[in-house]
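Protein sequences appear in the order of chains A and B.
In this text, residue positions in the first sequence follow this note's numbering: the first is 1, and each later residue adds one.
In this text, residue positions in the second sequence follow this note's numbering: the first is 1001, and each later residue adds one.
Simulated from the structure, these hints should not be mistaken for lab results.
Nothing here was measured: the structure is a model prediction, and the numbers come from that model.
Among the hints, a few may not be true.
Stated by the list, open to error - Just so you have them, the derived chain A footprint on chain B, three or more residues with Cβ under 8 Å: (1) 1043 to 1050; (2) 1163 to 1176.
As the list claims (entries may be wrong) - Just a sample of chain B residues kept apart from chain A, beta carbon distances all over 10 Å, derived: (3) 1118; (4) 1132; (5) 1273; (6) 1274; (7) 1354; (8) 1358; (9) 1362.
Claimed, not checked - A short list of chain B residues far from chain A (calculated; beta carbon distances all over 10 Å): (10) 1068; (11) 1124; (12) 1128; (13) 1199; (14) 1262; (15) 1268; (16) 1324.
By construction, the Cβ of each residue, glycine as well, lies at the ideal position given by its N, Cα and C atoms.
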Amino acid sequence: MAELTYRDAVAAAIAQEMERDESVVFIGEDVGAAGGVFKATVGLLEKFGPTRVLDTPISEQAILGVAMGAAMTGMRPIAEIMFSDFFAVSWDLVANEIAKTRYMTNGQVTLPLVIRSGNGGGSRFGAQHSQSVENWAMAIPGLKVVAPSTPRDVMGLFAAAVRDPDPVLFFEHKSLYSLKGEVEDGEILDELGKAATRREGKDVTIVALAAMVPRALAAAEQLASEGVEATVIDLRSLVPLDVSAVAASIASTGHLVTVEENPRLCGWGAELSSIIAEENLFDLDGPIVRVTTPHVPLPAADTLEDAAMPSASRIVEGVRRSLA
Amino acid sequence: MAITDRAEAPVAASTLQVLAPDGAVVPGARYPFELSDADHVGMLTAMTVTRRLDGEFVNLQRQGQLALYPSCLGQEAAQVGITSATRDNDWLFPQYRELGAFVVRGVDPAGIGHMWRGMAHGGTGLIEKCCAPITIPIGTHAPHAVGYALGAKFDGVDTVAVTFIGDGATSEGDVHEALNMAAVFQVPCIFVVQNNHWAISVPLSAQTRVTDIASKAAGYGMAGVRCDGNDVLACRVVMRDALLRAREGRGPTLIEAVTYRMGAHTTADDPTRYRSEGELELWRRRDPIDRYRSHLVAAGIWTAQHEERATETGERAAKRLRDEVFDAPMPDPLSVFDHVLSRRSGELERQRRQLARETGRDAT
Ligand SMILES: Cc1ncc(C[n+]2csc(CCOP(=O)(O)OP(=O)(O)O)c2C)c(N)n1
Ligand SMILES: [Mg+2]
């Protein structure tokens, strides 16, 4: 066991996969000499050298296009998009090319690549550097979408993403980079599409992702002091989506609250809610409540950003509405 | 260890220069004789004020008053030389490091400070000075300038669009597409590349294989010129030419101003990780303010009194920034719903009331 930060876990996870498989290469802006603008890739250039760790010009389209081309030759590239907001300047590669290649070649060409990116708010970076874009990715058929909430999960899910035969968008949460957590020694390999139950409670099921998981746990703590016992499920990936874990939980609690950082319209919670409403309606004893960032660009000011993003107290309020 | 050869190289002969680093006029230089003494005093004052104000921004960030700040230290000549050649109704499309351009335009530092503090979603006081909002998504603003120039051409308005981009930004697809389209449409648009040799940790040599960014202009069929970006008069001369070309309908220009980012990329960056003190020292000796001051003092244009006045103006600007920013109150949280759309949709209004309820506020 070792205590690692989420940021150190990223570097360790990349190193684990690059050591294991020499077809794994890593490409991105400021990832090598600078160790990443979030310092999540420190030491990789020194360890693996400039032929496997490539600092690129500021060209997101080329980064993703090159990763795609390299994947076609059988390599397993890891590409970094520094801020997930910048997927917007390279979205053709993601949405039209990478996501559709297997399909449009009848399965003959596969792209086992991982695109990792700093996602999410809470760092006071303003509207163009704080977005939670996991629901953009979820909307494109042909991609897997992963978003860990703990250092340990960074390791396990990242290894799974690299070894996965499909393209995976791996969303690291910027405000979690300094989070510390226990990580077991040796290789860690998880399975994509398995949610984790972070807390068991009989009264309500709170489903969260990435930075919303610790907030959901804080809310559960507060609810416990009021006599409400919450289950907290960490989805860990949106594609595949572990619907059965959520369905099984609400079968016993009868209440579902989703906690989403993405702006409200078409967030992942809307998809999950619709599935549960369609397939498990009679397990519900109250309305499904979605606690989200409202449908606004994120502001830079700390007080405004804190008000906009779901907080523990807003989650508590959401749970009360579901139970009322 | 990062490759720093090009930043350490002497300024190439193909680079237009008017003043040598010691302030002497370069033999055979194209001296801008049309400038009056008052013009010269205005430019050096603007450079002095920019440096003082820039330092204050950095201080305020260190004191926790600003979220972030990208210093323009060392790039004052490029920004002031270029902008002072424009007319007040020529539109500027900045990247994010162009404080010097804003100072020339007389933008209130308070509005810029409010943006870096996060109090406003963007800088206020810019639009009325014909400055577009700053753009941090790299290179995405270059096409905006082309569009603005196209609109001006359409309307027959005598306005030139000027966009500032970094050496790093030239690697973005948006910038290539903007350059090409500007040339195809022959619009009055000027692309000013401030080649400060670094893009965060990436040196110019890892950004492009050409050593001369201005030479890329040929590939688009437009004029390209390279000037010493630490020589304010060289910047002024090349910009004067480019503006004339644009106003006469002879198309866009790509200007490369060769300069150096003396500070960190932003206050969140530590450049000692990737570049050498030697390189910094070399550029310290090419300081744009010292160079221009030496020239103007020798020419009898800049006196101790001018220096004193410029310092005072800088102090006043810095004080105004500090007074307006320090511990300034943040807006009401429900203001996050303002300006999302021209009018709040029913759905947004519902969310606003919901957030007010959840956070115990009054939504009226
Ligand atoms: C589309 C996009 N990609 C990456 C970044 C991250 N980034 C911010 S500033 C910067 C460097 C820009 O360098 P340059 O254009 O030379 O301007 P300078 O900072 O030197 O003024 C990078 C890569 C970004 N903001 N936007
Ligand atoms: Mg630069």
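Original post:
Taking each numbered hint in turn, which are not upheld by the structure, reported in ascending numerical order?
Top reply: 1, 3, 5, 6, 7, 8, 10, 13, 15
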